[in-house]
Amino acid sequence: MGTSVQVKPLCGVYNENPLAYLVSVDGFNFLVDCGWNDHFDTSLLEPLSRVAPTVDAVLLSHSDTLHLGALPYAMKKLGLSAPVFATEPVYRLGLLTMYDQYLSRKQVSEFDLFTLDDIDSAFQNITRLTYSQNYHISGKGEGIVIAPHVAGHLLGGTVWKITKDGEDVIYAVDFNHRKERHLNGTVLESFVRPAVLITDAYNALNNQPSRRQRDQEFLDAIMKTLRADGNVLLPVDTAGRVLELILILEQFWEQHKLAYPIFFLTYVSSSTIDYVKSFLEWMSDSIAKSFEHTRDNAFLLRHVKLLINKSDLESVPDGPKVVLASMGSLEAGFSHDIFVEWVSDTKNLILFSERGQFGTLARMLQADPPPKAVKVTMSKRVPLVGEELAAYEEEQNRIKKEEALKASLIKEEESKASLRTELPVNDQMVLDANNTHSSSNAIGQRSEAFRDVLIDGFLPPSTSVAPMFPFYDCSSEWDDFGEVINPDDYVTKDVNMDQMLMPVDGDLAGKLDEGSVSLILDTTPSKVVSTELTVQVKCSLIYMDFEGRSDGRSIKSILAHVAPLKLVLVHGSAEATEHLKQHCLQHVCPHVYAPQIEETIDVTSDLCAYKVQLSEKLMSNVLFKKLGEYEIAWIDAEVGKTENGMLSLLPLSSPAPPHKTVLVGDIKMADFKQFLASKGVQVEFAGGALRCGEYVTLRKVGDASQKGGSAAIQQIILEGPLTEEYYKIREYLYSQFYAP
Amino acid sequence: MASTGQSLTSLKKREAATANNRDGDQLIITPLGAGNEVGRSCVYMSYKGKTVLFDCGIHPAYSGMAALPYFDEIDPSTIDVLLITHFHLDHAASLPYFLEKTTFKGRVFMTHATKAIYKLLLSDYVKVSKVSVEDMLFTEQDINNSMERIEVIDFHQTLEVNGIRFWCYTAGHVLGAAMFMVDIAGVRVLYTGDYSREEDRHLRAAELPQFSPDICIIESTYGVQLHQPRHIREKRFTDAIHSTVSQGGRVLIPAFALGRAQELLLILEEYWSNHRELENVPIYYASPLAKRCMAVYQTYINSMNERIRSQYANSNPFEFKHISPLKSIENFNDVGPSVVMASPGSLQSGLSRQLFDRWCSDKKNACVIPGYVIEGTPAKTIINEPKEVTLTNGLTAPLNMQVHYISFSAHADYAQTSTFLKELMPPNIILVHGEANEMGRLKQKLVSLFADRNTKIITPKNCQSVEMYFTSEKMAKTIGKLAEKVPEVGETVSGLLVKKGFTYQIMAPDDLRVFSQLSTANVTQRITVPYSGAFAVIKHRLKQIYESVESSTDEESGVPTLRVHGQVTVKQESENHISLHWTADPISDMVSDSIVALVLNANREMSKVVVESEPVGSEEEDARKAEKIVHALLVSLFGDVKFGENGKLVISVDGNIAHLDKQSGDVESENEGLKERVRMAFQRIRSAVKPIPLSA
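Here the protein sequences come in this chain order: Y and R. Reminder that position 629 of the first sequence reads as 629 in full-length UniProt numbering, one-by-one numbering, no gaps. Reminder that position 229 of the second sequence reads as 229 in full-length UniProt numbering, one-by-one numbering, no gaps.
By construction, these hints were calculated from the structure, which means they are not laboratory data. One or more hints might be untrue.
Selected chain Y positions facing chain R (in silico; Cβ < 10 Å) [stated by the list, open to error]: (1) 165; (2) 219; (3) 223; (4) 285; (5) 635; (6) 641; (7) 721; (8) 727.
Over 12 Å on every C-beta distance to chain Y, these chain R residues come out as not near it, computed from the model [said to hold, decoys possible]: (9) 135; (10) 136; (11) 572.
Idealized CB from N, CA, C, for every residue including glycine.
Only chain R is shown next, with the shape it has when bound in the complex (with noise of 0.2 Å):
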């Protein structure tokens, strides 16, 4: 992937110097979406083969495919665990896509709310899209479908699935959003979606997390900009349509049908109950899912702020004096002055937009803009008061009706951002989800302010990969029998090394039952070998070749036994048989075959007793033996192998050349890998030819 941002290549640089050194692990970011635009959030991170995506959004202002994030950089069938947080369809629209229609089979997660009102939201959202069939993403069905994969996290639990370790924290955005930590052995990073830090009438403010992230992911809607105190705020909002419908106009707020629609509705409420003048004012709350989301609402009181769980101890706060539910268009009696809230938020289509239509070229009216406004969507079109605009009919009219723009869209702003990030102070910081102009100022102001820090921040573009190296240490515990002492630098520790996810574990073997759900078997194994000749015949030939064989009596059957190489007891069962008798493992495997081969030998050759010399000048001879047969095995491995100066062997590959001690085993050359191969591969072929120990 071409690294055109000047900050991703001088980190490249000044990582990769660092990852020769030290060869790291490569962690991998890349935005599939959100990156330098808002819309379609999609963060694709990789660690050690272990893989995660945050969040599956659309962009609301293209449509049928283009709105995707781009799924075709990544292989959808390797992703282990999918992090939604929060239900806004540029968080968690293409969900269903993702999961019925790509090879992605890995886990999704999000919290109870979100999952509640995902459905809801996503069902409206196929309803209103007007869009032909074939450029439909998804359908009711999958829809449902994709309900039965998604699964739940509660706030602060913490997860596991194949080693990736999980949890999140409230976000304050909207009910049920989410900030998540990932931690992949060690590393943690932190995905704050969209986020808030001021509390406000219903939801919690973002909490900080407890441990510092070593990256975080977080979102740069507002950039330098400042929000406005949530009263004066309120106020201009209230006044705004106080004085639109005092003079007998209406006002028109598209919203998104679920989140800050809620926060606005209990503004409004208070606001209606204060004020006995605009009791004959009605408000609407025009979205088929105002009713159907009022159950969820209710239900996952525990996800919202104290100030709301004590009103809800006396009466439902979301059971609305004022307000009414609006159906369509139809059932609306467009007679004098009214308030009505109407999704979808962007004005393209839907029932805002028909309002709209219906009342711009009326300067009594007002459009109250509550929310941020995605470029290239009509609302951000009027927010620029131009002189005429385009109907959904193709005429155009005049904007007459006046149009405020009230941000009540709780992202965090610059105070609130800078202070999360001084706080939280992670070393490597990546902002997405921003419009590129307003994210570079942001990076700009980020940077000046963490100028003495060395913290890295990063703006990478859609499919522009972030690299970054971690080394993380690996630790192991040693437990059981073998940490009985602790060893001394120099001693030898030998043990079944238990990994299980990313703890590593030492344990003798026998304990391996008892730490782990692992069990140890011992194989007896007992073979009988037609054999009728005299016993002491094999007795003679095996101590031709084993070094130990001892000879005694069974205890039972008062048969004579032989125990060879300290393993494998040979018994004569009968006239006609003898029998093996030996715990399976390799060498004593190799041992009983070949005492199998000499009894069959023996058996062949029945006549025929031959008492042998006794070897001679064996030593010297075994000695010249073994070392052709290292250099014949280096000689198949390197190809050229020289005899050089001192008994010591020349070996040369590629140019580099290796000196190898026979004696010591010690290997000289000027490169480390070529050094390191043939020390082990001399150690090897040592072990090879040497004789099997006894002590094993």
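In isolation and in its complexed conformation, chain Y is listed as follows (with noise of 0.2 Å):
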């Protein structure tokens, strides 16, 4: 029998919500993503939550919000605590769209679901993996292998293919299969007849321009807006198909040789832009290439500057000019400020590249025909002043005081711990810039001190640097108010502790860009202040597909070739997901199924398999007919047992009893007919079917180009007069198949 496989939509199902699902491979639980949404609305969760702590491993497919968003908070408060499996660009850029994300929030209210301590820790147990590595996994999931193939929406997008004895469980969304500036496109239509295959019905419904049409209006209407000397918003997201427009801008820009600003601005544009510079192994064959060529890494931009801060932005002389600022959904972040400043002259442009996320501002404006004033929350931090400033001093001191009450209780319980602890947890790397040698070296100096200071008189054997035990001078002296202490013994510890904690804070200090949080991170007491306020829309909306997903036609040609056993859909609007169920029932294959929420399936297959061995002896005898990348061979076999009692096929010992005869290939009547005009025979279509000659008619009966199911053998009638014409055309026709 087949792998068990039962999948349980935990979000994102007959909406357009936030994806997260349950794959139980033979047991193994598989959550694919673990998104949310930009409202960070906890409800959505509340079936997560249910099985989180069942979760055995996380796959995350893309760096978006809707994606991983809500891994932190799983990871933090709902018991998640498997392995996280995605591609490097995934770890790294989906990292900085949650510091965006958190940033960005943390301005406008008192956001509290997570912290940029729970991000990092969620992200710091990531499995880092490059395509099409397999990936064994161990241990519960024994003979499980997981591969992350090239999606193509964006930059490490990922399609997972989880496989268990041969049989393919691929899980694709939001794959763009056009290849685009900086992406291949997807590498799904590789995949053939998956067992399951579960992907969404997002864009079921839309088809787009050609991409060369669509650029073109792009550019023309921002041109147009800021040659009218307008503004332009561009509400994108923090590192995902922001890439992908700003290469156009830049290209744009570097041929026409504009001189009008562009800016990029969110809270980790620099460091975003830094990161994609390395990611090229992961980019578009084209961008590799004149990387090799002339060393010119594509990300090196000339025309669009990276800010941090919106102040920046304020500070750049008046006039037309374009920004590129997070969030997409215009819910927070620079993009919503900008858009209320900006949003009430008519001179100015909001472009919007993708469709705004249900319930949001970019969704609102996005409506046909766009409001004519919407309510916006005007949020801000400031500092406390006045009153409020002493009586949250006034709170901070009372708490530092037990706090330091407590602390002084255990200080010296600690001290001794941190002292046993300290030498093993010394990183190897630290970067010491005192050291004057290796960093090695350093380590083998600094322990080396260590000893002198705390075991004299003990020697330890010189190749280790394993854990001593400390060496405490026992006689210490005592006053009348007990123990003496010495205060060094503390410092050390507070020194090694920085020492400790120095990776992550170069790490975390490099990720996000200094200044920009300065106001959130640092100590200054403050307050989010917020103002309702109705601006008036009078500014020019557009909206333009620039998604990077596949559109409706494409994803159903696309589906039709990889003809899935069995399709799951998921994530897209109810009428959506039931067209494109209805479109598969009939096109694609007979088992597609949309779950609910929970509701779990199963899509095990009813494959039966067994293993048998080929005996040498049978293989000699068999001759095999090669046909595209397949062999085959008609083989009649008698079934015997090996000594470590495998089945195997031994040569028949009676004669083989006949069989019926197959006709194995595909016969294109276009190709055929040329076919026969080649070998000389008269030949012509009318009527739907092949007048080959003068008498003969060959006739193809049945869709042929319909895929899946069972019933679709080819039907290929030959009619003609008893003529030594109607044999040599049967000759040809007989020809094109393999019959074994």
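Build the complex: two chains, separate frames, hints provided.
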């Protein structure tokens, strides 16, 4: 019997909510994607919270909030503790996306669902894989192999392939088959006949214009506004689709030598671009090629300026400009603030490059016709002043005192513990500017020094860096107040603590852009002040599809090509899901499922299979016929057993029984026509049939393009009077097939 | 190919013995270069008709065609995949030649970083090498063309070409260096290329593969030597430089332009920033590639270790404060102490040689050789500190400068090699990329290390083939309708065997569409034959020939039909025509042909309707006839066939005798091969002379 596979959606079915699905393969629970929306609505995560502790592994497919936003929260609050797998860019850009989300939220509200530390610790344990890397899961999931493959939507975006016993479960959402400036198209089409395919219906009802036309319209719209002295705002994601937009703008500006400034404004923009520069391996062939030839990194931006602070933008002289700012939903972040400033000027343009999440400001504005006025909340974090400040400080002092009291009680205990642990925890690669030698040498020296201090007169084996039992001077001095305390003991501890933390600090500081976060991270007491106001929407609003997803028509043809044995549809509006389901039932395969939230569906393949060994004796008499990448032969064999109990196939001892003949091959009428013509047969299409020579007709019955379903065997009818020609044409027809 | 190596012959014997019993598939590994030498790495491997070539280097000590691996030993057009481990000249530099000047038409793979640096390095090589035009192996244009054909592979990414699966691991040697694991039909071969298990300033250590390979082709550059700990080497290096420059001397560091040079620069940069007193001593990195390769180093930061990556988060570690690039010797203002790192590393020509010639006679100066030096190069000569050296202009000069040899080349030493192999436990080890003596010593040590484990260690010379046999069990998966019930021993399984790459599946024909991209078709044929006689005549005649002729009437038109042999329908279409209708397959085609012949005959002989008497005693006669035919056919196949006792046939071929029982089909013979052939032939003959069964 086949591998048992169950799918249970936790979020994001029959609507455009974030994605999270539970896929169990022989009892091993994969959580594929762990998304959240820009509202951070905890009610969406309820189904996840019920299963989080049972998850055995998490697979992330894309680096945006919809695909991984809930990871820090789930790790911290919902008891999710499984190992996480993602590609390097998804890890890196996902981390930056979460930072940006957090900082944007924190700026406008008392955001407390998770902290920067939670983000860090959630991302810390991600195992990073490269495309087509087969990762063998050990332990409970022994025998399962997971492999990420190119999805094409975002940088590092992944189509996950989970394989067990030769059966593939493929999770492919938000894929894009089109090659773009910075990304290659998905390789989904190279997977044929997987046991289960889980895909989305998000774009099932949308069809896109050609890329060239769309790019042209996009640039035209921007240029028109700029020439009319207006500003253009592009609400974008933090590190996903924005990369493609940046490249489009860069190229256009370069070609036309434009001087209008372009700004990319997120809390993490400079880090984003820095990291993206080192992800060339993950980008399209053309980008890699241009780098190999000219060593010009495509993301060495000449026209787009990176900003991490809105005040930098304000200091730019007035005049038409293009600003790409996060978040795409306009709910928070810089884009929200800029929107409020620019919305009431008719000269300006707000250009949406992706559909806003449901229920967000962006989605409202994309409605047709757009609303005349919208209500917005202007929130701002301001430092506390006057009485508030005094009250706050008093409160803080009280807390501090309490903590200090507590701390002093446990301090001694801690200091001893720290002595015991500090040797092993010293990071080998800590950078120490004072050390003149290599870091490993530095470690040696430092531990040497500790030994001198701590274990006077006790010689440890010179090769050992293992933790040593610390030496305590028992003859400590006591005075009237108890043991005399030497403050230096505690100083060492602090220093070492700092060193221990350094890599983390350095990492964090590098990822975040200093200054931008100052108000949030520093200790200056502050509060959020909100004002609600209604703004008139006077500026132009345009929505263009730069989402980088395959459109409805392509999705259908890709699905028909992949032709899974079972298909599960998720993520997409109810209409889109239903539409795609009906389409697939007719044209792709008879098993199409579109489960509801928390509905567990069983997509275990009803495929029977067993393994046999092919004996040398049998194989030496088998003649294969090559058909494309396949080789085929008919075998008649007797079942035997090998020494170790395996079934094996041996040659028959008696003559083979006759079998029904099968003609293997795919015949295309047009191709066959050409073939006949090349053989000198007069041939033409007449009334849906192929007229060969004078009398013989060849017809194909049934729709041969229809894939899947066992009934779809090609039916070919050859008719004609008894002539030599008839036999000749039959001969040619047979030559197109392989009949074992 | 002659087998002079002792291990080789003994191996052959042993393997040959097993090969006789059970015919395994032969795996051949032949070093075309780097066999018992260092340089021009190139290892050929072939198994099951699939061919892989590892690396494609040149020998730096030779020039022109002499530097190439022995490509004439192989047919380049048969190679499916060429895998390049890293960009060093002795591993990659004959690639443009191989791609452009031979019949090779397979695919080439290397890592992203290797590809980017490969172009830089080879263009430089073409410019620097001082050989006549006809000795040039390739031109700049050839390199550019080769770039088009090179495909990239990322670490751990699994690719499949022609059924050859392969992926690569970090090798630690230089940026982008990879170890390739190749899997052909379940037999795994690991080719390490140059590797190092020690993490350094910017590179990760070589990974330990997850799976143990069947064969490990491993470098043996350092043989049984042990490296000094890294920090001691670094201290010696910086001390030597420090003392020389503080005495007013100049330091020459001849190094490969890329790869280890970056590591040394990182060391120098760090040392200079920690020693303020050295601030005025300039460090030059004299390579035209210096600046250009920086972009590559900055971009492929993800191929480096965590340390560099976390540094990168703050600032670019490859932006040096104390080191300035130097374009050529003309731009070099040689006043006072300085440190110059110049390529090439082996001092044959170029800037490093020019500086050496200029500085070698002053005893204040020093030359620090920081990597492995290849036999036969000037660098190797000066390591032995001769009294005099020959300069490029042919004069001799005293060698007074100090020569230090401090190896930073990231090759594994004995400790690393032995632990690597101990953890990997490959049953076969092939040593390449090492001088014959070092390799021999390493082999001795490894033999004693693995004495209890029947591990074969082989050190083939160039062009000496190592042959091994692997019996890979062919496993097939029976799926779909055929697999609804697992068969018992003795039952028959009939179906389509579908092979894709090296995986086999057995399925029912109807399932072919479901499990593969192939489709099946039915061809229905309808042929009209002129016939104006009575339908009954045909029916009568058919009944004489065919066992089964059912008559009925067509439901639509009501005309009489006949179903012959359960497959072909004969229908009286009109007064003058009858039609035949059937689904194409060999038997039906034959039946229909015979019907057509019959109908045509009937047409001609319309008038005479003869009622023939029922044939009598046909059974016996048939049997006798069949026997005759069998005999005749056997004679035509085997020649000497006599009638033996109790109805047996005696067949003798080349002195081997087989007895064939005609009733049961049993064959007795001393010779297995003959027995099998006779049995098979008899089976086929029998199925040919027997009547066509109805049940098909």
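With a cut-off of 10 Å on the beta carbons, see whether residue 721 (chain Y) makes it to chain R. 5 Å, holds
Taking the minimum C-beta separation from residue 136 (chain R) to chain Y, is that value above 12 Å? Fine: 22 Å to the nearest Cβ keeps residue 136 (chain R) off the interface.
Hint residue 219 (chain Y) vs chain R: min CB-CB distance below 10 Å? 28 Å, violated
Given residue 223 (chain Y) as an interface hint, is its Cβ closer than 10 Å to any Cβ of chain R? Nearest chain R Cβ about 32 Å off; hint violated.
Residue 635 (chain Y) was flagged as interface toward chain R. Is the shortest Cβ-Cβ separation under 10 Å? 5 Å, holds
Double-check residue 165 (chain Y) for me: the hint is only fine if its C-beta lies closer than 10 Å to a C-beta in chain R. Because about 9 Å separates residue 165 (chain Y) from the closest Cβ in chain R, which is inside the 10 Å limit, the hint holds.
Per the CB criterion, is residue 727 (chain Y) less than 10 Å away from chain R? 9 Å, holds
Going by Cβ atoms only, is residue 641 (chain Y) closer than 10 Å to chain R? 5 Å, holds
May I ask you to check that residue 572 (chain R) keeps its beta-carbon over 12 Å from the closest beta-carbon of chain Y? Nearest chain Y Cβ is 15 Å from residue 572 (chain R), so the label holds.
Taking C-beta pairs only, is residue 135 (chain R) more than 12 Å away from all of chain Y? 27 Å, holds
Is the interface hint for residue 285 (chain Y) satisfied, with its Cβ closer than 10 Å to some Cβ of chain R? The hint holds - residue 285 (chain Y) has a Cβ within 10 Å of chain R, the shortest such distance being about 9 Å.
Hints 2 and 3 from the earlier list are contradicted by this structure; the remaining hints agree with it.
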